[in-house]
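Listed in order, the protein sequences are those of chains A and B.
Heads up: the first sequence begins at 100 in the numbering used here, then just goes up one per residue.
Heads up: the second sequence begins at 195 in the numbering used here, then just goes up one per residue.
Treat the hints as calculated values from the structure; they're not laboratory data.
Since the model is a prediction, treat every value here as computed from it, not as a measurement.
Careful, some of the hints might be misleading.
One-sided and incomplete, this derived list gives chain B residues near chain A with beta-carbon spacing under 8 angstroms [stated by the list, open to error]: (1) Leu-219; (2) Gln-224; (3) His-229; (4) Ala-230; (5) Gly-232; (6) Ala-255; (7) Ala-301; (8) Phe-302; (9) Asp-346; (10) Arg-349; (11) Gly-365.
A short list of chain A residues far from chain B (calculated; beta carbon distances all over 12 angstroms) [as the list claims (entries may be wrong)]: (12) Thr-241; (13) Pro-422; (14) Asp-572.
Simulated DEER-style distance windows between Cβ atoms [stated by the list, open to error]: (15) B:Asp-399 x A:Ala-568: 30 to 40 angstroms; (16) B:Ala-368 x A:Ala-568: 22 to 32 angstroms; (17) B:Leu-378 x A:Gly-479: 15 to 25 angstroms; (18) A:Ser-577 x B:Ser-386: 14 to 24 angstroms; (19) A:Ser-577 x B:Glu-201: 44 to 54 angstroms; (20) B:Arg-544 x A:Ala-568: 42 to 52 angstroms; (21) B:Arg-454 x A:Ser-577: 37 to 47 angstroms; (22) B:Leu-455 x A:Ser-547: 15 to 25 angstroms; (23) A:Pro-456 x B:Arg-454: 26 to 36 angstroms; (24) A:Ser-577 x B:Gln-209: 40 to 50 angstroms; (25) A:Leu-447 x B:Val-366: 54 to 64 angstroms; (26) A:Glu-441 x B:Ala-368: 52 to 62 angstroms.
Positions of the beta carbon are idealized from the N, C-alpha and C atoms, including for glycine.
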Amino acid sequence: VLERIALHQTRLHTPGLGLDGKGVALGAKGLVLLPSIDRLVAFLAVYTRERSLEDLMPSLAMHVVRSKLGTREITLEFAAESSDRMDRVADTARLVGGFTFTGTSRHFVQYRDASAPFGYDATQLLATDAAVALYHQGFSQTYELERRIDLRPLLLRLMPQVDPSTRVESGLRILVAEQGLGPALVHYLVRSHVEGEVCVAEWPPESSFDESPVRRWIVRVPEVPARMRSLLHSTPGITCFVPAGPGVAVEAGYRHPVELRACPVFDAAGLVLLRGRGGEPWDIASLPPMGALTAFARVELRTSGAEAAATRDVRQADVVRVPLRVVPSTKPWRNVTATWIEPAQVPLLRRLAYALPQVTLAQARVAMTARGAFLRLQAGIEAIPLGTFFVEVHPGLYLPAGHEVLPSVGPEVLSRALGAPASRVLFVGTDARAVAVEESAFVPLEASLLAAPPWEPAVAEAIDAALAAEPIDLRVTSIGLMPLRGVDAAEPEDR
Amino acid sequence: VSKVASEEAISAVAQRLFVGVMCPLVLGGQLLPGHAIGEQTARWLGQHPALLSTAPDHAEAVLRVYGARLSRARLLAPIDRLELQGSGAEWTLAAALHDVLQSANPAFDSPLRRTAATRVLALASATLAGVPAPATVRDALSRHSWFARVLDIARTDTSVSWWLGTRTFLGVEAPARLRAWPELRRVRVAASRRAVLDLAPIAFDRDLLVEALSRLLSKTPLTDLATCTRPAPAFAWSESTLALVATRAGRTLALRALARLPAGDVDSALGRATRQLFVQKRAAVSGPALAVLAERALSDAQLHAQASRAARQPARQPPSPSDAAFARAIGAAVAREQLESVHAWSGRERRELLPPLERALRSEAAREALAVMAAMPRAGDRVPA
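Chain A on its own, in the form it takes in the complex (with noise of 0.2 angstroms):
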């Protein structure tokens, strides 16, 4: 019935099967046929170990399917999307003995494997129906879905495989001990300065004969002390639980068969507390508000005496301060990103102008003041080889390169105490006095750099017909002593 799609087959006889971008033949849809529930837990255990469901999470179904001989079948279905989730889900089938298909609707074809690496097409398609047809190389064969497992259910049904381990691993803890034991172990707790949160949640009543609901005491503990774990675990009516995603932990000492943080069906602001040992998971549906533990700590009042005593007489310690110095350092340059050149200098500068590079000159940025310029360059002012160098230990501040402070306070303790505004930078020069130029003083120095050239306009006038033609120019000769020598009328003849 099925035969293999050949390199460039383009034609497929199974409905809604179609060629991805890579040619594999892909539906919609992906579906995984088990045999039993256990497989399927195995499936989710292997496949969530590694990455999460959340992606297959909106599409995933899962179904109890009969065949025609009865036989039950665990299917599960979910939007294929593209070849290399379903190359990841078809591994993990294969692992676990379960069977990969793609399809559309109804009828499914086997998923491509080694010896069909485009994928299969079913020639012959089975008149039925069923609501699912599948075509293996192995066999051909509908079912009928029977049931629907949903997911949350499963897992709260799963029971927690045994697993010392959790016990001795450090982290958060959640302590859930029985009414009349909770008092007890939250004064424990904040008697051993254990920080933590708390609060009280109910059940229903366990039976009818229960006139009451069922209280019991959730400690939040981010971290048990070691020498607390083995009284914590062994106390009856104590139970300790080990968050094993959002919304859902474990009791410590077992694991869940499936990687709970890679299901999403527990929501994070209520509480499924999974119990070892066969227990009811405790499924608390909107978590109650949590209190400190030190807020139930045993309060105790003084019998007697007055109020605080006041204080009669307030002074101020003594300030100790002493002069900055500025003194030579051994310590490497860094950041250095600006110079002070002196006034006498400023003419070197001008020639220096000649010779910078474009990206320099746009770069830069000068303050000229009467101290002489200041120039400030964020990629190093290296490419300027005038001047005193500075270096940037804080936002606008400024020490010589090759300098540090004494005492060596740091560089924002340093600009606190030098007091500036953040519209100026400051310059210490090594003499410790500070020089500040206003941040708005600082202009490109390629703007600064050019004096204004003279210019005058030029006219563009229309010169196509200057160029058309050289213009007539008329001359003025002398007219001669005598104009009218030989100018006469015509004869009338003549005319």
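Got chain A sorted already, so can you dock chain B onto it with the hints?
Just chain B now, kept in the frame of chain A:
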């Protein structure tokens, strides 16, 4: 010839006229009018073309002028041959132009010489009056090849100022001695060009000069039409221009010459001149003028139709002055009559061309145009075929 002067004298005048005026009038360069020629000599020049053969040393100049005239003529018509030396009438016109320019010589503007200038100008006008209108379209084109640039004639006046004074030189070069040591003497030289109608000082009323030039233009109708957008003398439909555009070939040349000018200015000039025809009760002779306007209107309508076919927005015409609107409206009115009466147009052409013409007839000026049309003789009588 013996009555007036020897043949050699006539030939010398011709040489001087050719080299000093006719050659630069075509080629450009320095135009040097000399001693006035007078009416009698000018007529002799036109009546005895055999005397006009130029000296061998000017043969090259003759060929250059001929080539330039041919180029000028080929701007309007694909012709290969013109009269090499020019016709007698053209020489007479050139002699008259020479005298008109000489009469504007600023040297005449002195107390005892003004009469001489007036006399020279009067004789030049008389000479122009005696020149017949071009007999053929070819004559008109030939005259245009000579006088196309007559309104481009301009005089360069130079003002030289230095640290002690200022002097102005009209149409002559300032002497080198005045321009020497420019830095030391702080010499400034300012040159300005004055068109022929702006020449100053002149020894007579400027209107006489304008009239003389107008008369000259009327003798070369193609030039008259090709410069109709000039500020002065204002274009008017003369007998010669109407006679030129009354012929199919002449109208084609005229339309080609007008197409080289700004359309709005042409419409203004033609509208004003056409309106003058009706004001002066010369409606009976306005047929050729209306034919020109009708063909321009049809040409515009075809451009609009082409733009519509190409789904392009036709070039929007700026609001036109009343003269231009009158010209477009009356041209559109005549063109609409032609479309409806002449069977040479196909139905599709009529459908495409009529809407733009109808739009032109919705303006204020169109009412005046339609009123003028209504008062005119039958359409078949006024528009030349």
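Each hint, compared with the structure:
no.	hint	result
1	Leu-219	holds, 7 angstroms
2	Gln-224	holds, 5 angstroms
3	His-229	holds, 6 angstroms
4	Ala-230	holds, 5 angstroms
5	Gly-232	holds, 4 angstroms
6	Ala-255	violated, 14 angstroms
7	Ala-301	holds, 5 angstroms
8	Phe-302	holds, 6 angstroms
9	Asp-346	holds, 5 angstroms
10	Arg-349	holds, 4 angstroms
11	Gly-365	holds, 3 angstroms
12	Thr-241	holds, 63 angstroms
13	Pro-422	holds, 66 angstroms
14	Asp-572	violated, 5 angstroms
15	B:Asp-399 x A:Ala-568: 30 to 40 angstroms	holds, 32 angstroms
16	B:Ala-368 x A:Ala-568: 22 to 32 angstroms	holds, 26 angstroms
17	B:Leu-378 x A:Gly-479: 15 to 25 angstroms	violated, 56 angstroms
18	A:Ser-577 x B:Ser-386: 14 to 24 angstroms	holds, 22 angstroms
19	A:Ser-577 x B:Glu-201: 44 to 54 angstroms	violated, 26 angstroms
20	B:Arg-544 x A:Ala-568: 42 to 52 angstroms	holds, 43 angstroms
21	B:Arg-454 x A:Ser-577: 37 to 47 angstroms	holds, 39 angstroms
22	B:Leu-455 x A:Ser-547: 15 to 25 angstroms	violated, 54 angstroms
23	A:Pro-456 x B:Arg-454: 26 to 36 angstroms	violated, 55 angstroms
24	A:Ser-577 x B:Gln-209: 40 to 50 angstroms	violated, 19 angstroms
25	A:Leu-447 x B:Val-366: 54 to 64 angstroms	holds, 59 angstroms
26	A:Glu-441 x B:Ala-368: 52 to 62 angstroms	holds, 58 angstroms
Consistency with the previously given hints fails for numbers 6, 14, 17, 19, 22, 23, 24, ordered from lowest to highest.
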